[in-house]
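Chain by chain, the residues:
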Amino acid sequence: MTIFRHELRQGRLSLIIWTVSIAFLFAVCIFLFPEMKGEMDQVSDVFSTMGNFSAAFGMDQVSFGTLTGFYAVECGNILGLGGALYAAMCGISMLSKEEKGHTAEFLLSHPVSRTRILSGKLAALYFQILVLNAAVLIISIVSIYAVGEDIPWKEILLLHLAYSLLQIEIASICFGISAFLRKGSLGVGLGLAIILYFFNIIANISDSAEFLKYISPYGYAEGTEIVTNISLDGMPVLLGMLYGVIGVCAGYIKYNRKDVM
Amino acid sequence: MMNAIQTDGLTKFYGRSRGIIELDLEVHEGEFYGFIGPNGAGKSTTIRILMGLIHKTRGSARILGKDISKEKEQILSVTGYLPSEAVFYPDMRGRDLIRLSADLRRKDCRKTSSDLCERLQLDPSRRISELSFGNRKKLAVVCALQHDPQICILDEPTGGLDPLMQREFFEILKERNKKGMTVFLSSHILSEVQRFCSRAAIIREGRIIASGSVEELTRTNAKRVTVRGTFDPSGLPDVRDLQISGDMVSFLYGGDINLLLSRLSRHQIMDLSLSEPDLEEIFLHYYTEGDEKE
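Quick note, the sequences are listed as chains E and F, same order. Counted from 1, the first sequence has number 65 at position 65 by our numbering; the numbering is strictly sequential. Counted from 1, the second sequence has number 152 at position 152 by our numbering; the numbering is strictly sequential.
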């Protein structure tokens with residue numbers, strides 16, 4: 001619990017900044033929706049003629065004139081990318097920052113096992129992701145209510161669940177990688193999140209690259225598909241969680257054997 | 001009597017690089033033990049293995065009878081550790097770090113930590129990023145001692161502390177030592193070891209080259225010979241640390257004393273002194289001996 005609390009204190013500012021930024025962008029998008037709704041039918045027509053470009057972002061499957069379609073593309077991209085970058089940043093630095101900052105020596109010279117340190121840090125990592133997502137969801141629902149639209153509960157909850165799972169998967173993989181790094185390699189984490197994002201875009205464009213949907217968590221967190229089918233595809237979700245578990249296990253094994261310099 | 005620290009054949013290699021080799025150490029409970037060696041000799045490697053920060057390649061190490069690999073948490077709960085570089089979370093305040101350290105030990109150490117801060121003249125309300133190196137070191141001292149450890153492992157402890165604080169710091173250590181705390185002190189400041197430690201070990205290139213009571217270590221065949229007059233010691237065996245200044249010749253001599261006297265008698269000598277070398281000179285003696293063997 002001490003490590004958990006300590007980690008939350010250390011990451012407090014970063015969590016506030018990312019949560020406020022993402023929630024603000026969400027609110028702006030939602031508040032713009034009523035104004036744009038009328039013009040969106042024409043926009044949807046334009047997108048439908050753009051072929052692969054629309055397919056890349058899943059915009060060929062939904063109508064921008066509906067709140068769910070608009071929300072899945074606009075807000076989905078903000079939370080999908082922004083949340084993933086935050087999760088990757090937190091995960092990749094969770095262990096390596098202690099070695100980079102030479103504070104690992106302080107932590108490990110106390111009577112706390114490495115497994116307990118890892119568990120406290122991992123719990124703090126997941127908690128911060130859940131706080132960010134809960135705050136964004138609340139702001140989102142309040143904003144939709146404020147603009148006078150009906151709240152599409154099922155679609156919105158499924159979307160937010162998918163993005164939370166996506167962030168947890170990326171954070172878990174980055175946490176595992178973090179145990180192998182000696183210096184805080186923020187670039188590795190952010191790079192991984194962006195590569196996974198582009199994997200999904202490639203999978204959307206090319207049929208021969210569709211397998212990438214089973215590698216990238218954006219495959220199961222495709223907003224337009226979720227609001228169209230009003231469900232999550234179970235297999236990619238399970239695979240994603242498996243990748244996350246493998247990442248965490250690799251992190252535990254490596255860190256318990258690691259020489260901390 | 002149980003040993004506070006015991007290592008048998010303790011060895012560490014970083015890949016192919018040497019850390020320490022076949023290190024045998026015995027530190028008795030309640031001792032003030034010095035661990036002497038220059039930078040890169042393996043002092044910090046030994047301490048880091050004892051603290052569980054790095055893993056041994058082979059051999060064994062026990063602290064207060066407990067195996068460092070299997071009973072690490074029990075060992076750390078009764079051990080204080082002062083690292084050579086006191087680095088902490090820069091955004092935290094000193095008092096928050098002290099509390100974090102106590103919380104990690106699940107102990108209420110407020111009384112002791114407050115006493116230590118007062119004695120070391122440390123203001124714990126300041127942010128760590130605002131503290132000087134010396135003040136960060138004081139903070140490390142508080143974290144190392146606030147839980148009244150049974151054994152305290154100190155890696156180059158006085159770096160950054162001004163002479164007054166060094167004196168206060170050693171006073172605290174001496175008081176704790178009198179109450180039974182074992183002190184294991186790594187240093188390359190030999191006067192520190194000579195002044196406070198009852199026993200010591202000298203480490204060179206990862207191996208212990210001498211160990212015993214500080215008195216024994218300083219009791220060696222080598223003498224500091226200082227001659228005023230016209231004297232050239234070349235040709236004499238086991239001459240080290242030769243210093244010539246005007247008509248003064250000074251050197252460490254480890255050979256046959258009769259041979260020295262016979263050579264001296266052939267020269268015009270105005271003054272002669274033979275003295276026991278201090279630990280600094282012994283240290284040099286051990287080191288140059290090793291170099292020559294190579």
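Fair warning: there could be bad hints in the mix.
Claimed, not checked - Computed spacing ranges between beta-carbons, pair by pair:
| # | chain 1 | residue 1 | chain 2 | residue 2 | range |
| --- | --- | --- | --- | --- | --- |
| 1 | E | 24 | F | 174 | 55 to 65 Å |
| 2 | F | 24 | E | 211 | 22 to 32 Å |
| 3 | E | 9 | F | 55 | 26 to 36 Å |
| 4 | F | 55 | E | 207 | 29 to 39 Å |
| 5 | E | 261 | F | 213 | 52 to 62 Å |
Source of the hints: derived by calculation from the structure; they are not laboratory data. Even glycine gets a Cβ: it sits at the ideal position worked out from N, Cα and C.
Do the hints match the structure? See the list:
1. Look at residue 24 (chain E) against residue 174 (chain F): about 59 Å separates their beta carbons, and that is inside 55 to 65 Å.
2. Separation of residue 24 (chain F) from residue 211 (chain E) is about 58 Å and departs from the stated range, judged on CB atoms against 22 to 32 Å.
3. Taken as a hint, the range 26 to 36 Å holds for the pair residue 9 (chain E) and residue 55 (chain F), whose Cβ atoms sit roughly 30 Å apart.
4. Remark: the range hint 29 to 39 Å for residue 55 (chain F) to residue 207 (chain E) is contradicted by a beta-carbon distance near 50 Å.
5. Hint check: residue 261 (chain E) to residue 213 (chain F), Cβ distance near 34 Å, so the stated range 52 to 62 Å is violated.
Of the numbered hints given earlier, the model fails hints 2, 4 and 5; all others are met.
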